[in-house]
Amino acid sequence: MKRASKIYTALMMIFLFAPIAILVVFSFNDAKSLSVFSGFSLHWYRELFRDAETLKAVRNTLVLAVSAALISTAMGTAAAVGINRLRNKVLRQVMDSVTNIPMINPDIITGISLMLMFVFVGRLFGAATSLNFGTMLIAHITFCLPYVILQVLPKLQQMDKSLPEAAMDLGCTPFRAFLKAVLPEIMPGVITGLIMAFTLSLDDFVISYFTSGNGFQTLPIRIYNMTKKTVTPKMYALATIIFFVILTLLLVSNLYDEDEVQRRRAARQIRKASKEEKT
Amino acid sequence: MNKKTSSLVQRLTLTPYSVWAVLFIVVPLVFVAYYAFTDSSFAFTTDNITRFFTATSVVDDGETVREVHTYLVIFMRSLKLAVISTVICLLMGYPLAYIMARAPEKTQKILLTLIMIPMWMNFLIRTYAWMTILQDKGILNGFLTALHLRPVHVIGTESAVIIGMVYDYFPYMVLPIYSVMAKLDVRLLEAASDLGCPGPSVLRRVIWPLSIPGVLSGVTMVLVPSISTFYISQKLGNGKFFLIGDAIEGQYVANNLHFAAAIAFILMVILLVCMALMQKLANRKLIVA
Amino acid sequence: MKKIIELKNITKSFDGEVVLDNISLDIYDNEFITLLGPSGCGKTTTLRIIGGFETPDSGDVIFMGEDIKDVPPYKRNVNTVFQRYALFPHLNVFENVAFSLREKKVPKDEIKRKVTEMLTLVALKGFEKRSVTSLSGGQQQRVAIARALVNQPKVLLLDEPLAALDLKLRKDMQVELKNIQKATGITFVFVTHDQEEALSMSDTVVVMSEGRIQQIGTPVDIYNEPTNAFVADFIGESNILDGVMLEDRKVSFAGQVFECVDEGFDRREPVDVVVRPEDVDIVPADRGMLKGVVTSVTFLGVHYEIIVDIDGFKWMIQTTDFWDVDETIGLVIEPDAIHVMKKSEYSGMFGDYSTFSDEMEEIGEVEIEELAEIEERGGNRTESGKTDE
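Chains W, A and L are the protein sequences, given in the same order. Quick note: the first sequence uses the working numbering, first residue 1, plus one each step. Quick note: the second sequence uses the working numbering, first residue 1, plus one each step. Quick note: the third sequence uses the working numbering, first residue 1, plus one each step.
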């Protein structure tokens, strides 16, 4: 890289990370001040772990994200297989457009639209409040589905079309053929889809905000409620923990890649050695 | 495979999703329209829509007292701030994406990870971090005072809202542009150079036109959330700069679902028109360039 | 003839691996010169150094008397037809061809005239408005040529331009390229791994291997007078035998003494002897200079290719007569069918059609590579695992 490029990149990284660094530093602040660092303390972390509501919100978020990710991945993968086999051009176009809607629409509209429907249907059945864990789960599955489909579909398109046919030729039922021949091929897409669905669900605030009932709080909603009133650095402590969890996850996945590289290098050496032996 | 099993497979795989998509994607949008065009007893009315275009309120900015169209002003403000933020994101992000795509592979991977880390943090937290920085007695002013400079008042201004939007959505601009540029065939750049183009000319005549799909999706990914946001303006604008998202949220909180639906409906229609126009513009540009 | 490009002692390595090892080459005005060699021999790197896309580690690149080693590609009066063409997908046929003219701010009507002229030359008139992605491989090829020629470069570099075309189209394009070269009078530097292509099109062929130039000459010279076993084996089929030069015009190999036409070797100098399969005459066993048993026969349409075992060495012979397996036949080799070469590092590596044939060697290699690959994957079927190499 040229020098100017390096400087520019460094500036951008400072822009991206300075705010996060400030949160991290002030989460260890002794006092409540937001601009003066008066001394190191774990005070706000203790506060955080005493906050039952936040801890419950963490649990809620995880339960919701895992359920939404699993269901949307299963349904989305099946849908991708179906869409990939669609030969009717018009139908295919319609499918693609509908799938795109939740991705193009602003979250606020997706949230409002689902909320309106839930409220309306709830009222039909005479329920006072129709928003609960169920409605939220439906909402999360809905906005995760397109991302799963978008990850799986290209893998299906790249796949050799005769793979499932070969499996069936060798005596597999269509379902077994899918499991034995197709699924392994598209697995990378399925996994990426699952991870994306999980993180999208974890991170979502806007849609959750409109579709959650009073009783059920996810972490982003909890953060929203915390920042509504005067804020204590407890929030910083929470942000710091989230940041380091993410960092660890990313580092671990990179380390894993590094392992791959090592193994590959070893294999190459083996091959080279065997070639030399031959000549 | 015979036709019967084939259609069976199709039905088994496609049906659950189709039903789901109709129930939870299409029908809710119908409900938006339904609520937008009905009153609280679900009788047809266009009042909600008219209200958006005609409602007025009195503004007293200390010098003059004026009457303005409440929601039109809000909408124009949202549009203005969103467009400015998008342009800033593009100006800042395009060079970064370009540098990344030309960097050695290992550097690319590291930079990509770095850009994605803030994305994984919730945008509420990200926005909040800027509140800490920009407050009158916040870190920025603490820093300026330490340097014996005059403190600045940023929080509660449009600039603060723009900073928040740019920061929150910056990665969404960089990533799509980067992914298009990284896939750009190096031989095309060599060919341009071979045919007499110096560096800047290669950028203008080859790289830029070929990166337009990435730019377009980047622009969409920044414009759409920043025009509809309601948290950033509340926190960084001190609630002084009501945006269209705030209007929807406000009506929702006040349980004015029909009017909330009307605003959402109008926003949706306008965004659809915008996107169609952008796509058309892009297509024409691709052919002319 | 005027020298237009001189490469002097060029050395280039990537990641410590030497790709070009001290090569020197003169390219003359108006000639069709081909760099020929197996993949990895350094031919494309040589081309890219002339084009300006690579800088040599050492050595000089002289273009019409000037050192252009540090001149960027866009300032060189040299244009390239890239492998798989590198056409700009966002521009139509006309604009692709007009690309360099627009850069030079040539007036509009002149652009139109020149582009039309070029498209006529490559037989693509009427395709101006077409998108390049809608064209067939052969048509894209022509656009690439027109685009590179519109600037009237002194030298046109072609990097395996025909590799992506099917056989029939390739043959047509060979003729057409040669015609374009004659019509324009531009020096063509052509890179290929296809020896037939090289022989049929070129004025001069440069045979390369392992980053070094093995031989430079006309196609006829290269075929009839290969300098070493590598060239003899790479260009056409060859039986290459160990021999000893007894005196001028007398060489011994395969246990016999033969008359030949080669001179200038030391007495009793060990040499490599090349006999082309089509230059051997078959006679009844008792009348042959050599005697052997037919071990395999392959029908190839115009002729038969038979393998004959003579005292353990397997000869390949091409004949229009049919001989059956296990028949004993005699061979006659005329003096001018024998070509004697100095011993080289390639001696003994090529030219024996015995049991351990090329095919066998390849199979062995593939197996080992597959083993290593299985090792690499470690049973892990991730996407990155497959595409990394």
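Think of the hints as simulated: they come from the structure by calculation, not from any bench. This one's a predicted model, so the numbers in the text were calculated from it and none came from an experiment. Possibly wrong hints are sitting among the right ones.
[Claimed, not checked] List time: in silico BS3-like cross-link candidates among lysine-lysine, alpha-carbon distance up to 27 Å:
hint : chain 1 : residue 1 : chain 2 : residue 2
1    : A       : 183       : W       : 228
2    : A       : 280       : L       : 129
3    : A       : 137       : W       : 2
4    : L       : 108       : L       : 75
5    : W       : 161       : A       : 280
[Said to hold, decoys possible] Pair by pair, the computed Cβ-Cβ distance ranges are:
hint : chain 1 : residue 1 : chain 2 : residue 2 : range
6    : A       : 145       : L       : 104       : 56 to 64 Å
7    : W       : 187       : L       : 9         : 48 to 56 Å
8    : A       : 40        : W       : 187       : 47 to 55 Å
Each residue gets a CB set at the ideal place from its N, CA and C atoms; glycine is no exception.
Tested hints:
1. 183/A to 228/W: violated, 44 Å
2. 280/A to 129/L: holds, 20 Å
3. 137/A to 2/W: violated, 39 Å
4. 108/L to 75/L: holds, 22 Å
5. 161/W to 280/A: violated, 34 Å
6. 145/A to 104/L: 56 to 64 Å: holds, 57 Å
7. 187/W to 9/L: 48 to 56 Å: holds, 53 Å
8. 40/A to 187/W: 47 to 55 Å: At roughly 51 Å between Cβ atoms, residue 187/W and residue 40/A fall inside 47 to 55 Å, so the hint holds.
Against the hints set out earlier in the document, violations occur for numbers 1, 3, 5.
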